[in-house]
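Asks: Given next are the chains, with one letter for each unit.
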Amino acid sequence: MLRSVFTKTIFDRRRGLIGWTMGMAALVVMVIAFYPSIAGQREQLEDLFESYPDSLLALMGVESASDILSPVGYLNSQLFANVVLLIVLIFAIGAGTAATAGEERDGTLDLLLAQPISRTRVLIDKLGSITVMLAGIIAVSFVALVIGGPLASLDVGISGLVAVHFGTLLLALLFATLAMFIGGLTGSRGIALGTTAGIAVIAYFMYGLFPVIDALAPHQDISPFYWLLGENPLANGVPWRWFGQLAGFTALFLAGAIWGFGNRDTGT
Amino acid sequence: MSELAIQTEALTKYYGSQRGVEDLDLEVRTGEVYGFLGPNGAGKTTTIRLLMDFIRPTRGTARVLGLDSSASPIEIHRRVGYLPGELDMYDRLTGGEMIRYFGNLRGFDAWHRVDEIAGALELDLSVKIGEYSSGNKQKAGLVQAFMHEPELLILDEPTNALDPLIQQVFYRMVEEVISSGRTVFLSSHILPEVERIADRVGIIRDGTLVAAETVDALKQRAVRRLQLYFDGEVDHTDFAAIEGVTSARTMNHGRAVAVEVEGSVEAVMRAAVERRLTNVTSESADLAGVFLAYYSGDDDAA
Numbered sequence: 001m002l003r004s005v006f007t008k009t010i011f012d013r014r015r016g017l018i019g020w021t022m023g024m025a026a027l028v029v030m031v032i033a034f035y036p037s038i039a040g041q042r043e044q045l046e047d048l049f050e051s052y053p054d055s056l057l058a059l060m061g062v063e064s065a066s067d068i069l070s071p072v073g074y075l076n077s078q079l080f081a082n083v084v085l086l087i088v089l090i091f092a093i094g095a096g097t098a099a100t101a102g103e104e105r106d107g108t109l110d111l112l113l114a115q116p117i118s119r120t121r122v123l124i125d126k127l128g129s130i131t132v133m134l135a136g137i138i139a140v141s142f143v144a145l146v147i148g149g150p151l152a153s154l155d156v157g158i159s160g161l162v163a164v165h166f167g168t169l170l171l172a173l174l175f176a177t178l179a180m181f182i183g184g185l186t187g188s189r190g191i192a193l194g195t196t197a198g199i200a201v202i203a204y205f206m207y208g209l210f211p212v213i214d215a216l217a218p219h220q221d222i223s224p225f226y227w228l229l230g231e232n233p234l235a236n237g238v239p240w241r242w243f244g245q246l247a248g249f250t251a252l253f254l255a256g257a258i259w260g261f262g263n264r265d266t267g268t
Numbered sequence: 001m002s003e004l005a006i007q008t009e010a011l012t013k014y015y016g017s018q019r020g021v022e023d024l025d026l027e028v029r030t031g032e033v034y035g036f037l038g039p040n041g042a043g044k045t046t047t048i049r050l051l052m053d054f055i056r057p058t059r060g061t062a063r064v065l066g067l068d069s070s071a072s073p074i075e076i077h078r079r080v081g082y083l084p085g086e087l088d089m090y091d092r093l094t095g096g097e098m099i100r101y102f103g104n105l106r107g108f109d110a111w112h113r114v115d116e117i118a119g120a121l122e123l124d125l126s127v128k129i130g131e132y133s134s135g136n137k138q139k140a141g142l143v144q145a146f147m148h149e150p151e152l153l154i155l156d157e158p159t160n161a162l163d164p165l166i167q168q169v170f171y172r173m174v175e176e177v178i179s180s181g182r183t184v185f186l187s188s189h190i191l192p193e194v195e196r197i198a199d200r201v202g203i204i205r206d207g208t209l210v211a212a213e214t215v216d217a218l219k220q221r222a223v224r225r226l227q228l229y230f231d232g233e234v235d236h237t238d239f240a241a242i243e244g245v246t247s248a249r250t251m252n253h254g255r256a257v258a259v260e261v262e263g264s265v266e267a268v269m270r271a272a273v274e275r276r277l278t279n280v281t282s283e284s285a286d287l288a289g290v291f292l293a294y295y296s297g298d299d300d301a302a
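Chains B and U, in that order, give the protein sequences. Just so it is clear: in the first sequence, position 183 is 183 by our numbering, and no numbers are missing. Just so it is clear: in the second sequence, position 67 is 67 by our numbering, and no numbers are missing.
Since the hints were derived computationally from the structure, they do not count as laboratory data. Source: prediction; values computed, not measured. A few of these clues could be false.
Pulled a few chain U residues facing chain B out of the computed Cβ check, cut under 8 Å [said to hold, decoys possible]:
1) 59
2) 61
3) 90
4) 100
5) 105
6) 106
7) 125
8) 190
Each pair of labels, with its calculated beta carbon distance range [to be verified]:
9) B:132 / U:75: 46 to 56 Å
10) B:3 / U:75: 14 to 24 Å
11) U:27 / B:186: 35 to 45 Å
12) B:186 / U:67: 27 to 37 Å
Glycine residues also receive a C-beta, built at the ideal position from the N, C-alpha and C atoms.
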């Protein structure tokens, strides 16, 4: 496990990786298991959700109360618009911050950079391992839904599942590379973690709340959460334009991280 | 093949408006032990981090093994063994795991050498780095610096936290490096250490190099303290007038003189013999006097 920066990064995060993977599995299985009983109380629950304000429904990832109990609406509101994002973003931002700012703060960067390996290679290796780990966590949800979904009458179609999980990975990578960019530029773990998490929270609320404010509704699509969820990939498949935008900004942040970290005086 | 293992020209680094090092012209020859001496905060670590390309010069250049430090850091790192001054390593790995990691990144596979060096330094590689004492951390740092038999070792305060017996082992390791024609550049604020192992010394103060000579030449300039005992009274001002004598004072009711001499003691001894000298005591010449003179800064007007 200590053959390369790539494998060592996975080795370093193995406990978090196992924890979040198990958490994801438990969460998705639970959400699947509850669906039959919730669907059985459809009428009472619809009355309840009717009384919710639009903004709350928007944050739950559905447009109307009747939507929330359909398989797609249920999975969006219970998983893909919130808790799944929470899990993958906590992991992504944490790992992205640790990539260089964490090593710099711990003082271990000097010896790593003293090896015959370029700073760019360090970043690429670390991003590669973060991608693999995120894909692993997200795959748990995918597999659970492909196998368990039909058993609970949650039939949403595999292409929709592929689309929403793929998009979730892209969104997680966007924030991981943002954390790497800020961390690479500043060398500060606190600034990288705080700024990236802050931007994620603000962007999430922009996505959820802009639609209920008439003046802001047209600008909802500045939030990367809209790029992921705005066109409901679970129902409609991959929205290439928006997913392309997620990937594009990820590439941009990676380039920024390589430039910022590559040209900066590193601290002890 | 360059004859100089390290060469800097007008190497300068400012941190904002603060000076790190200024107009540093260092020359370290292949095959020598170069002692880079100076008090803490003088710019030793800044210089080393410039050589390693962890930081970039404000102006000037540094060439390491003939390669520009900013242009070819990877090739330099391949051929250099480095020990940082502030040694932080992966606390959650064992010493052996960390060494395996760095070895793998180097494409290194002569693992028996790791065991040899760790054995000589009496380091247990199976213990987590987080549980190492600072001395053991230093040993682990030395293992990773020496293991791949680099052409040049750049060591920032290498004997820091090592106990005296292990320091001796370290000195032997340095001697082995030199005997195979390789080069050691080490920083230190401890004078006797540099005196013990270095061929040449550079003294840095406030970011500038104030002296660079052989240890022997520095010793020539060292201040020697002699106490001369006579059969009868002598006039100490006779001695004060001799060239090279920086001070002379009477002891033992005029029957002895304490003198401080810079350079050769020959003239003083001749004068003493003429005056019925009975006994001489002398403190061994070390660099401390020279060193302190540079540190205290006779030219400290600025």
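Asks: If you check each hint against the structure, which ones fail?
Replies: The structure conflicts with hints 1, 2, 7, 8, 9, although it agrees with all the remaining ones.
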